[in-house]
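The primary structure of each chain is shown beneath.
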Amino acid sequence: MTINEAELEGMYSKYPDKVKKNRKKHIVIKDQAAAPQQIEANTRTIPGILTQRGCCYAGCKGVVLGPIKDMAHIVHGPVGCSYYAWGTRRNKARADDDTPPEKMLNSMCFTTDMQESDIVFGGEKKLAAMIDEVVNTFHPSAISICSTCPIGLIGDDINAVAKAAEAKHGIQVLSFNCEGYKGVSQSGGHHIANNNLMAFVVGKGAREKVGKHVINILGEYNIGGDGWELERILKDIGYDINCVLTGDTSYQDIRNLHLADLNLVQCHRSINYIAEMMETKYGTPWIKVNFIGVESTAQSLRQLAQCFQDEALTQRTEEVIARETARIMPAIEQYRKICTGKTAFTLVGGSRSHHYQYLLRDLGMEVVVAGYEFAHRDDYEGREVIPSIQPDADQKNIPELHIEPDQELFREGHVHLSMSKEKFEELKKKVSLNYYEGMYSCMKDGQIMIDDFNHHEIEDLIKILKPDLFFSGVRDKYVIHKMGVPAKQLHSYDYSGPYAGFTGAIVFAREVVNAMTTPAWKLVEAPWEEAEPKGGVPDA
Amino acid sequence: MLECVPKETVEHTVGKINPAKTCQPIGAMYASLGIHGCLPHSHGSQGCCAYHRMHLSRHFRDPVLATSSSFTEGTSVFGGAANLKTSIKNVFEIYNPEIMAVHTTCLSETIGDDVATMIKQSEVPEGKCVIHANTPSYKGSHVTGFSNMCKAMVTYLAQFDGGARKERVNLIPGFVNPGDMREMKRIVHDMGIDFTMFPDTTDVLDSPLTNKYEMYPKGGTTVAQIRDSGNSKMTLSLGSYSSDAAGIALQEKCGVPCVPLDIPIGVKATDDLIMALKKGFGVKVPDELTIERGQVVDTLIDTHFHYQGKRVAVFGDPDIVIPLTEFLLTMGMRPVYVLTGTPGPQFEIRINKMLDGAGITERKVKAEGDLFDLHQWIKQSPVDLLIGTSYGKYISRAEDIPLVRVGFPVLDRAVHPLMPIVGYRGCMRLIEMISNTLLERRDRDSLDEDFELVL
Ligand code: SF4
Ligand code: SF4
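Top to bottom, those sequences are chains A and B.
The first sequence begins at 0 in numbering that gives the first Met the number 0 and counts up one residue at a time.
The second sequence begins at 0 in numbering that gives the first Met the number 0 and counts up one residue at a time.
If we strip away everything but chain B, and leave its shape as in the complex, we get (with noise of 0.2 Å):
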């Protein structure tokens, strides 16, 4: 498997070969999921509606339906204005969402269609809303069209009617699994704190099987709670790459103060977000959540030798990777090369801090890499683990290296969307899977006369 990679470092400078990222509406059509009754439409020729759909799909092993302009050369050469108020025609008088969120592609993007103007020439039918985010694909990553996505949210539906702010937080949990949502929503709900969670794939992406198909399942956030979400006291949003865009956008359209947290991958990150909510609603921390943290901390001591000190190579999302790199410190891991697909200065910059705060030397850190780079670094020294996507299966199992699936997409392995990775139960589902699979591991290279029973 892959002899064609070469050990020396080659020339390797345009384009990408095995990306680790992929293109933004494939984010924005996420996003758009979490919303209740929404349709997502791709504003674009039809084929990327169907990658999207298609890879969404694999990822969450659930339904994900979506609409099309149908783009054909004719319509590449006009402009999609025609195609898109049919759509918007057919879109409600066939499938009847509560609300179309559209957002454009590679091409739509390069003829420059006028979405929002377009949108305001359509019959919308009463009662039910349009909106739109621009998602050029040749910007950025889906980690981008998942930010934008969530920022028009705010921009077409968000309002403030003015007076007292309502004791409530806003929750924008990033670029993450139903099982995630589903986790930070309960840390929050223990700490008695009313919320409006958006986006928020829960029952829509890890909807029940029960023999009542809705094409609109009962999840996502309501049309009316993002419009109300002007009204709320404040807004945490989670993951600068994935969700500031949205809490800063309504901080200045709606003057809800947005404080900008990570997403809770690990203690660190977890203790911040408790401490945030603590300090902005003066509530106590329930001790459910304090009695978990503790279980977090005496398994790090009881499982330590597992996996302390071993190299790790971690890629995947900003979001996911900055504070699981944290993690990773927190349980005495070494992650020497850490690599998103994505592009932007964050990264690089965080990353190095804290791998200089750890005093973790030789690394290799990059923002908007791909997985050749990572399998090049690699081959010339090697590390003990690898944490990140599917993708990166083909690197495992070339260099014979254990894989821990963590991140968007997951496509081999069963059960993942709904296993949350944030939160003290996510910390502890995360030790669970890196202990796991290194003692697996551990098992199977040993002799025979070191081959013991217990671990």
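So that you can see chain A by itself, here it is in the shape it has in the complex (with noise of 0.2 Å):
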């Protein structure tokens, strides 16, 4: 099912010219033959378009900081900001040794509430009384400090404030410049996160390394306990996991990342910059993963074992693979039989598209319009094509960090994986190491994928495919459902979990069959209007 060129031109015509000549670059039907295909991403969002994305500022704040449970997150800003990101993306955190429950601080919000006149007269004094009036109550293991728009404009020194606090506390107290117009989206944040985490955080712990294969999850934020599913499931296959970043997180097992022996990406767009700096400072090799699907899951799996050279754990793996397929098989084709051959579109984050073409495959499903609010062009188009993108002014506003080897730290790759060189070699040959090949790989022929998606195209879109579902964000979904069609949260997974691993495909399964099938769908049309009376006696 795919798109022609009337109905495109159609969908355009709609603009006017500048909008058009600009969204047509966003939005590319597949084409193996015409390859390699450029999409448009990672630039501005056109003024007085209804837009899906996000600020600079949630990236940072909402999807990478928050989530460290130990952490008190304070927003410096007036009230808003701080207050959406509260509780509204779902990080599940539980206490342990670590962090005790009284250390837990992931329900908490903290805002400086900027009033007028601390927007005339600067608001450094307030943040710096907040931080001391947080710290003498709280006593968080580190204190993050996020500015939002106003405060970039009145030049408030966050970062002033975060030192001399820093001194005066005697704990960490990071600021992130991450004001929300900077950059175009949440990327931005996403990148300004990595680089203070990477910068002040990792690499200061003093944990010894435990167990013999270990790793880091990145890129995993523990919606509806993901990183809960993968950590069973490593586990249980005889991984050691170091950190998962920043899903359940604490600010200990941050300091302590540089421990670990590989570091799996799991979202590649707000991560993959720690997993590249990490490979320049420690050497740590990484590959991506994807743990969204049973098929994938295996792979993934089966790649990871293959990094790691051992028997026991490759066995291991098949084990675990066989047992878990087992298990969920029967449940899985029960819901196969209902979704084949239906379609859909997934328009959400900076991975979740991909990854969940093949959960879906694995359902009978297709996608047919897949798309990113905030990717890059690597994530559609493979990291290869990174060296030609060439950066406008509002990505030169995103620092880049310079990182070198680690002095002391430093471990080439296969002294990391435990291996010789040669083996090293080989293994680079089998998996692709430090590589992600972006979504356009995995997507037909005639597919489309479209960037910084919005509203207009979305409905015109839904008209002419008519998809069975629709995987996107609560901005869209009750959109979506007066149109007729089914649609799910895939940022909030609408509140259930997990969707990743093997256990999370039966509970995706379920609910993607639930949200087609509930009866609900049958009552759209009044009997009364129904245009033809279906059989009985008609009215006298």
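What you were told as hints is all true, and nothing was included just to trick you.
Derived CB-CB ranges, DEER-like:
{"hint": "1", "chain 1": "A", "residue 1": "Asp16", "chain 2": "B", "residue 2": "Ala115", "range": "26 to 36 Å"}
{"hint": "2", "chain 1": "A", "residue 1": "Asp96", "chain 2": "B", "residue 2": "Lys211", "range": "54 to 64 Å"}
{"hint": "3", "chain 1": "B", "residue 1": "Val414", "chain 2": "A", "residue 2": "Lys162", "range": "45 to 55 Å"}
{"hint": "4", "chain 1": "A", "residue 1": "Ala5", "chain 2": "B", "residue 2": "Val282", "range": "54 to 64 Å"}
No farther apart than 20 Å at their CA atoms in a straight line, the calculated lysine to aspartate or glutamate pairs in the EDC-like style are these:
{"hint": "5", "chain 1": "B", "residue 1": "Lys84", "chain 2": "A", "residue 2": "Asp16"}
{"hint": "6", "chain 1": "B", "residue 1": "Lys309", "chain 2": "B", "residue 2": "Glu398"}
{"hint": "7", "chain 1": "A", "residue 1": "Lys462", "chain 2": "B", "residue 2": "Glu213"}
{"hint": "8", "chain 1": "B", "residue 1": "Lys211", "chain 2": "A", "residue 2": "Glu528"}
{"hint": "9", "chain 1": "B", "residue 1": "Lys217", "chain 2": "A", "residue 2": "Glu458"}
{"hint": "10", "chain 1": "B", "residue 1": "Lys211", "chain 2": "A", "residue 2": "Asp459"}
{"hint": "11", "chain 1": "A", "residue 1": "Lys17", "chain 2": "B", "residue 2": "Glu92"}
{"hint": "12", "chain 1": "A", "residue 1": "Lys481", "chain 2": "B", "residue 2": "Asp202"}
{"hint": "13", "chain 1": "B", "residue 1": "Lys365", "chain 2": "B", "residue 2": "Asp355"}
{"hint": "14", "chain 1": "A", "residue 1": "Lys102", "chain 2": "B", "residue 2": "Glu398"}
{"hint": "15", "chain 1": "A", "residue 1": "Lys13", "chain 2": "B", "residue 2": "Glu97"}
{"hint": "16", "chain 1": "A", "residue 1": "Lys13", "chain 2": "B", "residue 2": "Glu125"}
{"hint": "17", "chain 1": "A", "residue 1": "Lys17", "chain 2": "B", "residue 2": "Glu122"}
{"hint": "18", "chain 1": "A", "residue 1": "Lys20", "chain 2": "B", "residue 2": "Glu92"}
{"hint": "19", "chain 1": "B", "residue 1": "Lys217", "chain 2": "A", "residue 2": "Glu524"}
{"hint": "20", "chain 1": "A", "residue 1": "Lys13", "chain 2": "B", "residue 2": "Glu92"}
No wet-lab data here; the hints were simulated from the structure.
Keep in mind the model is a prediction, meaning the values are calculated, not measured.
We treat Cβ as the ideally placed atom computed from N, Cα and C, and that holds for glycine.
Put the two chains together into one complex; each comes in its own frame, and the hints tell you how they fit.
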């Protein structure tokens, strides 16, 4: 199922010329014969377009920092920014030895609640005073300060405030200049958060490495318990999980992030910076994994096992895959009967629209339109295009960290994975280390990739392609319902989960089926509005 | 849960911890949606707009569409004029609304963008209009933003054509759910009085699912109606925080006398509304309403022992909390902690007066407070029931106190936007929610030997 030129032109025809010219570059219909096809991404949203994008602050505080459970995240700005990121992104976390219950701060919201006079006279004193009170009251392991739009404008020096507070209180106080207007979307904020964690936190811990096969899972935020499902599987196979960044994670864990032998990258867009920087600084190799979907989970586990070249581990991997698949397949088969042949749109995040295509294929469904809100070209086209991306002014506003190998802690990739250099070279041929292929490769001819999708395009594409299911966020969800199409929130899983790993596949399948088959869909048309009476005796 | 919150009162003088309010633009966006065919527009960076749409969508479980000027760093330096002009052009060409309602954000306010002038310099298609409200987030709260946008409707749109006033009342309903607005309209309609209610989010944020998607649902007050509100005989502004500014502006601009009232939550506030209408239009109160009122009184008598004397903590928006506290007193409950996040002197004055009247001396009343304050008070001296928004659920769980969800936002319960808490029907619903919550609790807590079928 695809769209033809006339339909596409029809969709563009509503646009003023300038808008049309711009949007055309963000929409690609996959055509293997025409490859490579380029998509424009990570450029400005057109003013007045009904975009689904958020801001830099949302990416920094909302996505990356917010889940760190034992830190007090103080948002410096008027009340709103802090309030909206309070409990609204799902990051399950629990107390543990490192983080006792009274240190769990993840259901708290701290805002300097800037008032007019603070905007006029500056809010540095207020921020400093708030830090004092928060430290005295809550004794957090560390503090983050995120600045919001007006703070950048009035020029409060949050870095200086942080430095002074750090000296005063003897805990780390990190400042993030992640004003909402920076960059063009959440993406800039991911980058800023990555930079500061890498520069000031990672590598500072004094723990000893524990275990033989030690891994980090990066870009996994434990929505609906995804991270816990992955930990269950990976521990069962024999891995030691050093840190999940940043789902259910503590500040201490991040300080010790460098202790892993290998990094797994789940969400590429939000965390690839740290993966890359760790490779440079510590030599830690990374692989892109996808634990969404039965097949893809198995495949990621096999790839991972290959990285360690350990017979026992490989064998255990196969056992776990066999056991888990046997456990879930009967249920999946049942759901598959209902799903087969159905189509979907996936429009969410910076890796999910790619990941979920595999899980949907497991269910016999095909994604016909997939897109991202804040991805970069490499998330679509693969990392090989990175050198050819010309940074524009907006991207230049996000600082790049200059990273060098750590004098003491750097070890070559093969040392990390405890193998000889030759073996490591061989491994590189089999497993793509430090590489992400992007979403394009997974799409089929005729399927549509759409960057920074907006309301008008979605409305039109739904009319033309009539998908059976729509996956995105809450801002679209109810619009799509009114169009008669079931919509599931893939940011929040409609408050269910996990969706990752083997258990997640069943939970997801059940909910997808429920969404499509809930009896109310049959009631949409009132009986007196049906054009033709369906059987029976017509009204006299 | 919330083990980090200490029991003893700690110094907490700057900022907010677990705020009980949010920022202005979300209120303005909600008010704008109560105009028919309106596309709200957020003048600032797109994150604010994304957050406000997200939050409103979660509360109403209905589409909330709004555009943004999508500021980037450059815009922030050079001002947002170009972005707003481009937005206006694009919005009318692509989405074709009847009206665009622009609100500012803390960003455009800090830059000092003069939105009124920018609008004047923009090309607005024939027959369409653009209005605006200044909604700096560093002043007031979401309630202030709602109020500012209501006022903008008057200042931009309302007209007095001279001549005789129309036998019609303007109703400014306050920051309430569509279910509440529908109930208010029903009351005025049942009294046989012609009315214009603005904003009116019924059929916009509780719109039906019919398979015919309309970007602009059939609800909302039309621009023509708001324009004509200047010719009405009187205005009732319900809720001083959310509605008085518009009512007063209409009085000043078009000479329509404004009668300020509370949002009709509880018997007294509903009585006041009906009496004001009766006086203003010389109509007879229909039996239907008299019967409903009698039913409320009957229910109160029949159920008082479920809740009378219970200690209750109430928080939320001032225009909701003020009449709600009054009603809780009518029910014989003891509102010992009453808190709003929105600043303003009226709140404490009015609540304290009510509590004085009821002889509730041991109490804490606070405007511009936060839920950290409330939590500490509760830790020091507990209550039997908490009434407020979904954010109360953390305290509810930490202290094992049941929560009745009322106000904005309610993010974790179903159907609430359609169900009124205003009018006499609203009284019944409040009594039902409060009684049943306490009864559930009694069942849950009772020992086997105390467990009883009939309560
Ligand atoms: S930047 Fe201002 S307007 Fe935007 S969400 Fe934050 S407080 Fe609200
Ligand atoms: S792209 Fe998606 S998974 Fe990644 S941070 Fe995001 S919302 Fe999240």
